[in-house]
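Model the placement of chain B with the ligands on the given structure of chain A, informed by the hints.
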Amino acid sequence: MATVATDYTNKVKVTDEVAEFPESVVEEMRSHLTKYPKDRSRSALIPLLFVIQRERGYIDNPGVNFLAQFLNLEVTDIWETATFYSMFNMHPVGKYHIQMCKTLSCKILGEPELTDHICSKLGIKPGETTKDGKFTVTRVECLGSCGTAPMMQIGFEYHENLTKEKLDDLIDSLE
Amino acid sequence: MAEELIKVTIDGQEFEVEKGRPLIDVINEKGFGVPSFCYYADLELQASCRMCLVRIEKMPKLQASCVIRCTDGMEVTTKSEEIEKAQRAMGEFLLANHPLDCPVCDRGGECELQEVIFDWGDVEERFDEPKNAHPEKFLSPIVANDQQRCILCKRCTRVCHEWMGEDAIEAGNRGSNTVIGTYGGWLNCSQCGNCIEVCPTGTLLDGVYRHETRPWELDQTITTCTYCSDGCQLSVGSRADEVHRIVARDRYVNGINGEFLCIKGRFAHGFVNHGDRIKTPLIRYKKGGKLIPSTWDDAIAFAAERIKESKKAGVVATSRLTNETVHTLKRFADECRDGTSYAVSDTYDLAPFFENLSAPLCTHKEIRFAETIVVIGGDVDEEQPLTAKQIRQAVRNGGANLILVNDTPSRLSHQASQFIHVNPGTVEAFVLALADPSAADMAAAKMGIGRAEIDKARETANATKGDLIIMFGKELGAEAQAVAANLPSRHENRNVKLHPLAGYCNSVGASDMMPGRKPVADVVAGSDALLIAGSLSDEEFAAADLASKPFVAVQELFLTDTAAAADVVFPAASFAESDGTYTNNDGFVQRVRRAIDPVHQAKPDWMITSLLASELGADFGYSFSASAVFRSIAESHEAYEGLRYPDLKDETRPVRVKHKLVSGADVSGAVASLRDRVSQFPDAADKITEEPRVGHKLHRVTTMTGKTPQFHLLANGNPKPDDLLVSPLFQFNPDGSPKKEEESEVAAG
Ligand code: SF4
Ligand code: SF4
Ligand code: FES
Ligand code: FES
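Sequences listed follow chains A and B, in order. Last residue of the first sequence? That's 175 in our numbering, and every number before it is there in order. Last residue of the second sequence? That's 749 in our numbering, and every number before it is there in order.
Just so you know, the hints here were simulated from the structure itself, not pulled from any lab data. Just so it is clear, the structure is predicted and the values come from calculations on it, not from any experiment. Built from N, CA and C at the ideal position, the CB exists for glycine as well. Heads up, some of the hints might be wrong.
Said to hold, decoys possible - To give an idea of the interface, some chain A residues facing chain B are shown, with a C-beta separation under 8 Å as derived from the structure:
#	residue
1	Val12
2	Val14
3	Val18
4	Phe21
5	Asp39
6	Val64
7	Glu74
8	Val75
9	Thr76
10	Asp77
11	Thr83
12	Phe84
What the hints assert, rightly or not - 25 Å max Cα-Cα, derived SDA-like pairs, lysine to any residue:
#	chain 1	residue 1	chain 2	residue 2
13	B	Lys697	A	Asp16
14	A	Lys164	A	Leu174
15	A	Lys38	B	Gly695
16	B	Lys137	A	His91
17	A	Lys102	B	Gly695
18	A	Lys38	B	Phe93
19	A	Lys121	A	Leu71
20	A	Lys125	A	Glu157
21	A	Lys13	B	Gly695
To be verified - Okay, the calculated beta carbon distance ranges per label pair:
#	chain 1	residue 1	chain 2	residue 2	range
22	B	Glu242	A	Ser43	45 to 55 Å
23	B	Asp42	A	Cys142	51 to 61 Å
24	B	Leu100	A	Tyr85	26 to 36 Å
25	B	Asp42	A	Phe156	19 to 29 Å
26	A	Lys95	B	Leu100	37 to 47 Å
27	B	Ala463	A	Lys13	48 to 58 Å
28	A	Thr103	B	Phe118	31 to 41 Å
29	B	Asp538	A	Tyr85	20 to 30 Å
30	B	Leu100	A	Phe156	35 to 45 Å
Looking at chain B on its own, in the form it has when it is part of the complex:
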């Protein structure tokens, strides 16, 4: 869209700007600066703080620049006595009920209110009326709340509504009694914490980080989240080799997620410094014996010896590992022993998708500005929260069409322009219907929907002039994935983009790093010596019977079931302790940066693998530097060709890997077998009508999230404590049952 350029004069200087842009953005961009609180880019306007006042020629009063759109010939003054007086007066009003208790406030030091008042406040307050005083309290195990610090900018309520679609937090009461809160005083939401992040004051606070350190004592390391495939950029706050908190990057700097994070990215970092981390390498000298702490040298030598003795080796990677690690594991398989097979453990193997990819992956920004979004299967709200936020904003703020095909209603389905509610387990039939119109009637019958629904969706897609984005979840089997990946090449709209709802932070990268991989079960069954980096899924573990294998070595953070069944366990470093890269579902390869030194004796996964390889006589040419591993990646994988760490240093300009596009591939075979599969679906079924509770996957207690105690309370129904002033952790046991009096005193003391 070519924007019309117009002329605007700010403080006597003339600028060419796009017509209709918010004046406040232009003023700030051009370096003049105007204080603001309630304005927040890409949220609906509020205009309640009145800090952003400017004088515009020919307009009667001072104007709030956040609600003014640039028009041609506009003459703006940002600094004058009149303006400053008004701004100081506004500052005074905002502080009328504010306690100014910065020395005990967790936001102190990085508080927007503090900063602006420092520059614009008056030395003296004229109000001598008593302030509204409320005690500091908890709104949930992870949202702490000090009502009296609120300046009612309503950023929190707007992000909750617009980003999260939750309306969990609102402003109650009126006038000077207005407070931010909820009905009943307890938050039963997804607990994303975005309200905390955007709050410019110390009103909504991180309950996990509460009173831990002052923000300026933290080292901030920009890195990539280790949970889902969206790959949000975040800032790890650490001090003395301990991770204390995680926040998002600054909203005006960050490329992909702004200040958005989900509950896991923001709060589930307790695992990094948890006492249960494996501290030293462990060896089980004899089958049936115990795992005994050992040294690195012994453990590496022991494992190498066993692998040498074995007949057939196998390597299993997991998709939370960095590209560097998966690549090193692949090289281990290729270069250490002939015939070593390899696999990636993932809930959603994307191989068939990437082999048939006929259009570029879309970026999260493109989702926000798309015209039509088709989501086939998946559970975006719970599994790819950033994608869900972008979809929601595209619909709410951008008027996009949202076609949602799913067997379960969700928060997002309320916002869909067309919710195609299909029979359980039949979403693949929708892919068939799109690819093969002649099978549409059969597919519609299997899905339990009318044929008209399919036609309507097709019409919407065909009428789309802008971006048409197709997303699909892990319900799609191999044939359906291949067919879906091929859809864009048959569509006349050239702006079709694909977005796989991949499972983990490096599902895409792991898939890139290990072409030619086999299913996990095959590798496990076909090898008598296994190297597993990470842990198998519960089903894979149950099927694998690791105890019966002659030799298993595992690289892990915790003694999971997989690690406990191993003969050698290597303590691995977490994402906060290692350098590397993850590739997200946009195809962006993003840096993971070491925030703290590895805890205890842990080492980065790729380093462990390459140590083992060199003991087996293979030299990868790198042993200490992750950037050298990445160079090896760039040399061996076409999509990563030519990339180097320095290219990836600026996360505001993410770098896309070049996945090969195949256009015009013949997928008729896949369509035919998909048709067969679909035709075997049952003819009738009961639809799932109950909407799962918010957080049913996000709050799940896993090896990693479970190390943050708050998750246990959330997973156990988030009970509301009797005393809101005391952390719920002191009032409940992890299972959600109330603590007995004596116990809680011990805990609190």
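Chain A on its own, in the form it takes in the complex:
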């Protein structure tokens, strides 16, 4: 039942390995630090988590270790923040990360059937990734587009007023 974003099984193997990034990426991270007061560098945690996720595919252990050093935080502090937000993945996800909104408006307007539909089409359960590593489906809380419910996002792109047909077309069109 575990979803990708919800890490209560805590299966992460924690090592000392620290991720390395090209100078340009480190530079980008430093630029985030400049937006906050010097003694409040931990405020940059969320923008930096986005960078880690972009660079490493998900919030992986070496990436967390890097951030812990970069911001002088405990790894568990980072875990606390990263697991709070469904936009951060603590485990690898497929090339296309389909996040179905499961909150009120979307749910009333048919999200459960849509999720069932997409899952049976892909042969996975919510929280899982297809064998070819192409798709991951998760159910997330409100994405703030209730007026166009039911909706979902793939990556950061919204797909609104969904129907089964629309979903089929979309999935088929993805390489």
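Below, chain B with the ligands without anything else, positioned relative to chain A:
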């Protein structure tokens, strides 16, 4: 600070209270009572459980009384149908995911959730959705965890952050999926167990005591911890002459440490009932022979005979012994044979300090509310954990200035307002710089710091209006100690207080009990018959060559190197089996109480010594009652004058011994020789930049801690097992290597 008094009406009764106090405290103090979970005195506010609701006139909704500060004219209602309905509803929410498996929960019987729900819960639950279920697991060898019992009050994360400065445990995920845990599911912290203690539910549990007994089957004996000089009060839980667990005293009752304890105080009690305890007296009849079990009568007679035959006797005490024992040993030296010399084995001899003491010792409470704290040397986090917690709270919650002078960075140095990172082994130079401004430049150079650092620290100290506390560690030699003890008398601030970071639970007391003592090496070298209570340190033992001594008698719990080299060994009772007192680094003399009968044939140390003395013809006037020994202490030591056990019965109001203060003592000699010493320090050195791992001293396996198997795993890197549901003790050998399949089955079966 005089507090402004205001009027508050609670349930129609008017009270005068200090302005700005938390309303919840006042309600409880005045005997009205309001249920609460997340509120915890002296931790930051959380206001997440919503159990403490009250109605306050002119405020729109029910208010959480934990976040309300008392203001003048406030009218509060704590009981009404409306409030009760809200509280019952909150109780229902808190139980929405709670398994209610009290019959198999180690907290059952002393669980705050159980208690509050008993009074405030509804008979029926309306939730019929499936509960979040997680298996019970281990977060470390000594922290067991059942996530589903959590009510998310976050006391655990707050104590870890605020008391320990560790952030080892946090709340992950969101909403109803929130759990308390760590990244990777394994705790690599100092393993203090304070999160376990403050948890109001059975979510975080004592892994050493796991499933041993039900709490109500235990006898609880309030006593003083036997590890460090902070002298925390704790409650030993025993049943049928076996110690099962140790917890802190209740947080609202206790005087010095509240619910705080460190890993050693809380978990390292396995030695008390350990199978390796010496069971009977032992005699080695001939040099080179074996230690042979004997009776008490024979062993005492044998030892007395040998001591009589000797030319010169010597007595060595250790600083984990009670005042009663050290005092009796001193009397043994004074009254049994002329010319008997005596010593105390300790890593930090405080004689020069107490001889020059010019200001009172500070109390732990004063540390918490101090304005400036200067810590010179030491390793507070690892060696005096309660002091470290008080410092940390003073800084975090009280905004105190912390000036830390040390050659090694530590957890605390991150929190220091000024961390003076000196060259290795040069902290004494800082004492010199404070005492003798003319030597400040030289001292700064030796410490490898800029002169400005010293001036800045001095400015902070001089600007301090409240309490200025100076602590110092065992790096200080005799001259530096004398100079440091004298510092307050030269300072215009009258609120200077001193805090020696003494080594053991009774370092201060042993120092009080044995004035005029000699160094251990001198006593050992100068005597041909030795009585040692406890064991020599490794270095002292190596230097002593006990085997070559004509006669050595040792009082010990275990057959340590020292005991194994003796000719007579007396089995001594541990702190849990004897009555007595320890004097801590506040100068508080606190009771040690017998929780269980002495194991096997052990006897309290002072009793052994006085038996031996009476065999030698000396009568101390006491042989069975520790309170009689204490009376003798009160009669012979000025600082303890007039004290009796009944005065010490209430540990919430600790009693301070009256150490003599010498003001205006001339320490110029000590300053001069300190200057000489400092001037011989090397001119340049590499600084230590690596911060030692958390627990590098706390987790050390010693004669005592090593008897609790969990310490071996911690000392060997605290490996994370593959299966978190099974105790790591079944998955690893003591050296931290994984157990082979068959072995672990044998162990588990
Ligand atoms: S044992 Fe102590 S340091 Fe470790 S998580 Fe619990 S409170 Fe924090
Ligand atoms: S584990 Fe215990 S102390 Fe921590 S949040 Fe849960 S109930 Fe509160
Ligand atoms: S409920 Fe789906 S976007 Fe808000
Ligand atoms: S005690 Fe007030 S909200 Fe928890």
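In ascending order, which of the hints set out earlier in this document are inconsistent with the structure? 3, 4, 5, 15, 17, 18, 19, 23, 25, 29
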